[in-house]
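Asks: Chain residues, written in single-letter form:
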Amino acid sequence: MNNVSGKRKKMKLSAMAKREEKWALIFVAAPVIGFLLFMAYPIIFAFFTSLTTWNGAKGLAGMLDRFCGFDNYIKLFGDAKFWKTLLTTTIYLIGIPIGMILGLLLAMGMNRKIPGVRVLRTMYYVPVISSLVAVSILWAWVYNYDYGLLNVIIKSLTGLHGPNWLGDEVLIKVSMIIFMVWKGLGTSIILYLAGLQNIPRSYYEAAMVDGANGFQKFKNITLPLLSPVTFYIMITTLIGGFQVFVEVQVMTTNGGIGYSAATMVYYLYQKAFESYQLGYASAIAIILALIIFVITAINFWGQDKWVKTID
Amino acid sequence: MALTGNWSEVFNTQPLGINGPSGAQIEVKEEATENIKVDADYSNADLKVFIFAQDHEKAVYQSLIDRFTESTGAKVTFEVTTSDEYNQKMLANKAAGDMPDIFYVGPEAVASYVDDGFVQPLDNLVDTSVVNDLWGSVGNAYRYDGKVAGTGEGSLYCLPKDFSTFAFAYNKDIFDAAGVAYPDPANPYTWEEFVEVCKALTKDTDGDGEIDQWGTANAFQWAFDAFLYTNGGHFLNDDYTKVVIDGQQEFIDAFQFFADLTCKYKVTPTVEQDTALGGYQRWLDGQIGFYACGTWDVGAFMDKNTFPYNWGLCGWPTGKTGVSMTRNGSVGFAISSDTKYPEAAAALITLFSTDLEGQRVLSGETTGASLQIPNIMSYAKGDFKAKIADGTIPYGDNVDVIFNYIEGTDKYQGIFVETNYTYNADWWSTFLGGGYEYVLTGEKTAAEYCAEIQPAMQEALDAANELKAAAQQ
Numbered sequence: 001m002n003n004v005s006g007k008r009k010k011m012k013l014s015a016m017a018k019r020e021e022k023w024a025l026i027f028v029a030a031p032v033i034g035f036l037l038f039m040a041y042p043i044i045f046a047f048f049t050s051l052t053t054w055n056g057a058k059g060l061a062g063m064l065d066r067f068c069g070f071d072n073y074i075k076l077f078g079d080a081k082f083w084k085t086l087l088t089t090t091i092y093l094i095g096i097p098i099g100m101i102l103g104l105l106l107a108m109g110m111n112r113k114i115p116g117v118r119v120l121r122t123m124y125y126v127p128v129i130s131s132l133v134a135v136s137i138l139w140a141w142v143y144n145y146d147y148g149l150l151n152v153i154i155k156s157l158t159g160l161h162g163p164n165w166l167g168d169e170v171l172i173k174v175s176m177i178i179f180m181v182w183k184g185l186g187t188s189i190i191l192y193l194a195g196l197q198n199i200p201r202s203y204y205e206a207a208m209v210d211g212a213n214g215f216q217k218f219k220n221i222t223l224p225l226l227s228p229v230t231f232y233i234m235i236t237t238l239i240g241g242f243q244v245f246v247e248v249q250v251m252t253t254n255g256g257i258g259y260s261a262a263t264m265v266y267y268l269y270q271k272a273f274e275s276y277q278l279g280y281a282s283a284i285a286i287i288l289a290l291i292i293f294v295i296t297a298i299n300f301w302g303q304d305k306w307v308k309t310i311d
Numbered sequence: 001m002a003l004t005g006n007w008s009e010v011f012n013t014q015p016l017g018i019n020g021p022s023g024a025q026i027e028v029k030e031e032a033t034e035n036i037k038v039d040a041d042y043s044n045a046d047l048k049v050f051i052f053a054q055d056h057e058k059a060v061y062q063s064l065i066d067r068f069t070e071s072t073g074a075k076v077t078f079e080v081t082t083s084d085e086y087n088q089k090m091l092a093n094k095a096a097g098d099m100p101d102i103f104y105v106g107p108e109a110v111a112s113y114v115d116d117g118f119v120q121p122l123d124n125l126v127d128t129s130v131v132n133d134l135w136g137s138v139g140n141a142y143r144y145d146g147k148v149a150g151t152g153e154g155s156l157y158c159l160p161k162d163f164s165t166f167a168f169a170y171n172k173d174i175f176d177a178a179g180v181a182y183p184d185p186a187n188p189y190t191w192e193e194f195v196e197v198c199k200a201l202t203k204d205t206d207g208d209g210e211i212d213q214w215g216t217a218n219a220f221q222w223a224f225d226a227f228l229y230t231n232g233g234h235f236l237n238d239d240y241t242k243v244v245i246d247g248q249q250e251f252i253d254a255f256q257f258f259a260d261l262t263c264k265y266k267v268t269p270t271v272e273q274d275t276a277l278g279g280y281q282r283w284l285d286g287q288i289g290f291y292a293c294g295t296w297d298v299g300a301f302m303d304k305n306t307f308p309y310n311w312g313l314c315g316w317p318t319g320k321t322g323v324s325m326t327r328n329g330s331v332g333f334a335i336s337s338d339t340k341y342p343e344a345a346a347a348l349i350t351l352f353s354t355d356l357e358g359q360r361v362l363s364g365e366t367t368g369a370s371l372q373i374p375n376i377m378s379y380a381k382g383d384f385k386a387k388i389a390d391g392t393i394p395y396g397d398n399v400d401v402i403f404n405y406i407e408g409t410d411k412y413q414g415i416f417v418e419t420n421y422t423y424n425a426d427w428w429s430t431f432l433g434g435g436y437e438y439v440l441t442g443e444k445t446a447a448e449y450c451a452e453i454q455p456a457m458q459e460a461l462d463a464a465n466e467l468k469a470a471a472q473q
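Protein sequence lines, in the order shown, are assigned to chains A and B.
Letter 126 of the first sequence, counting from 1, is numbered 126 in the numbering used here, and no numbers are missing.
Letter 253 of the second sequence, counting from 1, is numbered 253 in the numbering used here, and no numbers are missing.
The hints are simulated quantities; they were obtained by calculation from the structure and are not laboratory data.
Treat the numbers as computed from the prediction; the structure is a model and nothing was measured.
Note that the Cβ used here is the ideal one computed from N, Cα and C, for glycine as well.
Hints should not be assumed to be uniformly reliable.
What the hints assert, rightly or not - Mimicking PhoX-like on lysine-lysine, the simulated pairs with C-alpha atoms at most 20 angstroms apart in a straight line are:
| # | chain 1 | residue 1 | chain 2 | residue 2 |
| --- | --- | --- | --- | --- |
| 1 | B | 75 | B | 340 |
| 2 | B | 444 | A | 58 |
| 3 | A | 58 | B | 340 |
| 4 | A | 219 | A | 84 |
| 5 | B | 203 | B | 172 |
| 6 | B | 266 | B | 203 |
| 7 | A | 217 | A | 308 |
| 8 | A | 58 | B | 89 |
| 9 | B | 264 | A | 75 |
| 10 | B | 48 | B | 75 |
| 11 | B | 444 | B | 264 |
| 12 | A | 84 | A | 173 |
Said to hold, decoys possible - In silico contact screen, one side only, chain B against chain A (beta carbon under 10 angstroms); selected entries:
| # | residue |
| --- | --- |
| 13 | 88 |
| 14 | 115 |
| 15 | 117 |
| 16 | 151 |
| 17 | 155 |
| 18 | 274 |
| 19 | 286 |
| 20 | 424 |
| 21 | 471 |
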């Protein structure tokens, strides 16, 4: 109990400290309220919705009327379309390591004093700041079977008609991955570039004295010291990767041939806004949130093993 | 992917272009609406109207609202979105319990809006006799007796914004160049005749060894109905509880014929060519002989900047039944059950739907570009047709084809497709999402695909019927 009285004593602060504490609380409150209002509440709401067959009607009462327990989750596990979209979403994640490797290589290239490097950096960043809908439409044209840039190039090089990029169950996935890598490259380049510029030159100088070659320097200095950046990019792109939606909505009709390009969020959207099955859609959202949570947790748990920092 | 349009969610699966921006430049002149008056004082009313519309439609409705405000003193907030986003926004309104006073409800959604208590019956609010002067079946589409909507029984829940149909059009210039006689609007082609004409129109016009002009080009999503129903086929049984396509000869033959147009007779662009450039764009470029023409497309097709060819209307080719069929469509104005001003709202939707002056504007008499067929039958058959005949309203040849589909004759029939009668269109999206394209490429037969996809469609339909049962509790 001494502790409690000790705490009480602590409360007796000077006027200035009190004022400071009040302000501190206000500053802390802003993100906390934001979190409660825009994250915690919707998540809890979505979870309750997922236990109902609600279609949006009759407000909360309408929702409670349609309580169905875990029926939606049980149905979900037997839903072939759900598994298909989960698989497709996972396949799209192949783009993440590809994007990271390319990003690192390009960042290393751009980390040199070569003429025009600023222009180059800006160019690679343009896709990142462009509207996703706009560039999706643009790429839908790039992939166009008859008129697309890609097939025009293939034809001029080989004389043969290129493949139907968005009209084939496998190629449509390849096309989406290429597009996503292109769209995300700018971000990883910028982050890697910042990471590269943070590595003290003295490390390389010491390695040179020891007679290390380029690859050894890369493997033993650059890569480990970039690992926090790698970790950050991996976490954020994984989370983003599970939430792919706009690309599919814009570039395909009805999720692509045989639903081959549809992602989980696309399926969720269709269930919610085309079938009015808000409960079922919420169940998908909760599963998605769980997947993302688990993967992020594994990542954080595993980071001690490979993420190095300069101390 | 449709940008905007007149019909609701069934059409949301359409490729870019169909139902897309009509391109018609419509200017609403001040004098066009100056005769419009509502004799009532609604100065205490504050209405919110929320619909989807294209820019030129929005301008027409805004001008009607301005007149309404001037003559009644009512305050009206008018908000517009795209048809793509409409359902999404309405769902948010429903969930939040924040419904606008006036909004669109399509025939396919009447039952669910009524069951969920969002709309109120209009029987005591509007002079329902005005509905008698509207096209018969469209009034029926918005009646609901608590069992099945659209049978003409029960209370009236919407006043129609429009009644549209999906006729067939042909490019006269292509017919002339090929030396083929124009189709006879009084006698639609049989499927066999249609294939022969299409073959004559399919050509390599620039001699580079590749076909660049085709008989027809129709997206499966919205054109298949015309082939299915004319052959006596259907997706569902009579009470919309069972999917019955597996082994149904009428259905399979229609589907196979639709696919054969592409893979056997080769009178349409291939599936690849179609994903590259949709039929709508090719039709506008003069590469297509026959193409679908919604009543909302007329303004664009008559605009020489959009479509610099001569064209006329004809019927879709006929299968087993010998009757040319297509889908009719509509969307209606409903009044929220929560509105504080039902009388004012009723007066405003009456103005939108059945006011003669308003219809003159929308049907193009005062603007020179037709957005829709007039709702008022007597006006449509009288002045409207006369104004087409004397050139005041530019229109493709044989406007009677459109009237025939809307009214129904022994040769022509427009219908509401089966998605109108089910709680949601999941079973239909399941059909579309299962890879029907492989039938069009010839990798599967229609019979194989139907057998393969039916169970999943049935599952989706069962789920929809469960939802319906829950909503009616």
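Asks: Hint by hint, say whether it matches the structure.
Replies: Quick rundown of the hints versus the structure:
| no. | hint | result |
| --- | --- | --- |
| 1 | 75/B x 340/B | holds, 13 angstroms |
| 2 | 444/B x 58/A | violated, 45 angstroms |
| 3 | 58/A x 340/B | holds, 18 angstroms |
| 4 | 219/A x 84/A | violated, 39 angstroms |
| 5 | 203/B x 172/B | holds, 16 angstroms |
| 6 | 266/B x 203/B | holds, 11 angstroms |
| 7 | 217/A x 308/A | holds, 16 angstroms |
| 8 | 58/A x 89/B | holds, 16 angstroms |
| 9 | 264/B x 75/A | violated, 41 angstroms |
| 10 | 48/B x 75/B | holds, 9 angstroms |
| 11 | 444/B x 264/B | holds, 13 angstroms |
| 12 | 84/A x 173/A | holds, 13 angstroms |
| 13 | 88 | holds, 5 angstroms |
| 14 | 115 | holds, 8 angstroms |
| 15 | 117 | holds, 6 angstroms |
| 16 | 151 | violated, 22 angstroms |
| 17 | 155 | violated, 19 angstroms |
| 18 | 274 | holds, 9 angstroms |
| 19 | 286 | violated, 17 angstroms |
| 20 | 424 | holds, 5 angstroms |
| 21 | 471 | holds, 7 angstroms |
Checked against the numbered hints above, the structure breaks hints 2, 4, 9, 16, 17, 19 and satisfies the rest.
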